[in-house]
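J.: Residue numbers (the working numbering), protein chains in the order written: chain A, 1 to 192; chain B, 1 to 192.
Think of the hints as simulated: they come from the structure by calculation, not from any bench.
Warning: the hint list may mix true and false statements.
Identical copies look the same in the list; a pair holds intra-copy or inter-copy alike.
Only pairs whose alpha carbons sit at most 25 Å apart, straight line, appear in this in silico DMTMM-like list of lysine to aspartate or glutamate [unchecked claim]:
| # | residue 1 | residue 2 |
| --- | --- | --- |
| 1 | 14 | 88 |
| 2 | 14 | 44 |
| 3 | 169 | 44 |
| 4 | 14 | 77 |
Since the model is a prediction, treat every value here as computed from it, not as a measurement.
Single-letter residue listing:
2 protein chains.
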Amino acid sequence: MSTPPSSAGPSRWKNLGERTLLSTRIFEVRSVHFHHPVRAVDRDFVVVAAPDWCNVIALTPDGQLVLVRQFRYGTDEFSLEIPGGVIDAGEDPVAAGVRELREETGFVGTSARLLASVRPNPAFLNNHAHFVLVENATRSTAQACDHDEEIEVSTARVDDVLAWARAGKITHSLVVCGLMHFEPLWQARRLT
Amino acid sequence: MSTPPSSAGPSRWKNLGERTLLSTRIFEVRSVHFHHPVRAVDRDFVVVAAPDWCNVIALTPDGQLVLVRQFRYGTDEFSLEIPGGVIDAGEDPVAAGVRELREETGFVGTSARLLASVRPNPAFLNNHAHFVLVENATRSTAQACDHDEEIEVSTARVDDVLAWARAGKITHSLVVCGLMHFEPLWQARRLT
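Based on the provided sequences and hints, a complete structural model is requested.
T.: And the structure:
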């Protein structure tokens, strides 16, 4: 078995302070002043400080996943995704996932738990993305989208959704990530 | 077989123009003025315009993957990843992957091709991330890191790397994504 490289090697830069370059509704751009302890050089690097995000793998009683399709401003395109959104300050990631699922789709499950967490982009984003598994999800209430959200809800068989991710029909990297983390659990259930 | 939802449903907002809020060395933050054609409302949304990125699945002749470990300014942590970086303006994604692999690790392969592409975050990023498969990669030259890069290079068995991604030892979402896109190809080879 291989082992990950040890902690020897590259140095840990030290954060000596930061200043905000820009504040927006969804993130802050900061210039962070770092010091390299061995080479004794200082450098400013740009970091985007964003709240943590969550995405929800919502499994229906008949083995389908809940999907959302919406227009995305970043790419100027429609995107097929699993539900998700921004975690409120102080909000538990699992609670946020349950909330986002309910608001975006009207689906409510009988159990929810944290499946995995990743870093959206360690190079310049400081936040986490959490993947929440909700089981026995059924359409229980009305959508309660934000004012500017228009979300089309559908369900599809897990195997189809995994195939769409691998075929490039699902392109949101965090959604692909969440599905990868869910896949072994799904395969294990199929074998039992 | 399920089918993705059709193109009916949510409206496509129309981009009526944008202005730059902030320019940094690695991206531009823009305020984009969108118009909703049905509801006839206008809204400004924040979009980060970034160059495309690439990550490289570099397979050695003995079935290992080339890994890099480095300090990341966004998360203020070390991160274990596959090689990758920013694609230069006008540069082909596959050429960029080959270049990043050589610069960061000194590894050079005998063939390279595009494996898949994703959107890092359609909500606010306008760019693509491309995954490049390089085969028969061997250490052929010296590292040529950027001035502020310190990169520790290692190799590890493919199965171990996939297990690390699923166990949370590899957390960069785009790296997890790239590994997910590589996995079926790897499984198929094992069966032949």
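J.: Taking the hints in turn, state whether each one holds.
T.: We went through each hint and held it up to the structure:
1. Taking CA atoms no more than 25 Å apart as the test, residue 14 paired with residue 88 passes in neither setting, with 29 Å inside one copy and 29 Å between copies.
2. Taking identical chains as interchangeable, the C-alpha atoms of residue 14 and residue 44 lie at most 25 Å apart only when both belong to the same chain, with a minimum of 11 Å there against 37 Å between chains.
3. Taking identical chains as interchangeable, the C-alpha atoms of residue 169 and residue 44 are never at most 25 Å apart, the minima being 38 Å within one chain and 28 Å between chains.
4. Taking the closest pair of Cα atoms, residue 14 and residue 77 come within 25 Å of each other only across two copies (10 Å); inside a single copy the shortest separation is 39 Å, beyond that limit.
Checked against the numbered hints given earlier, this structure breaks hints 1 and 3; the rest are met.
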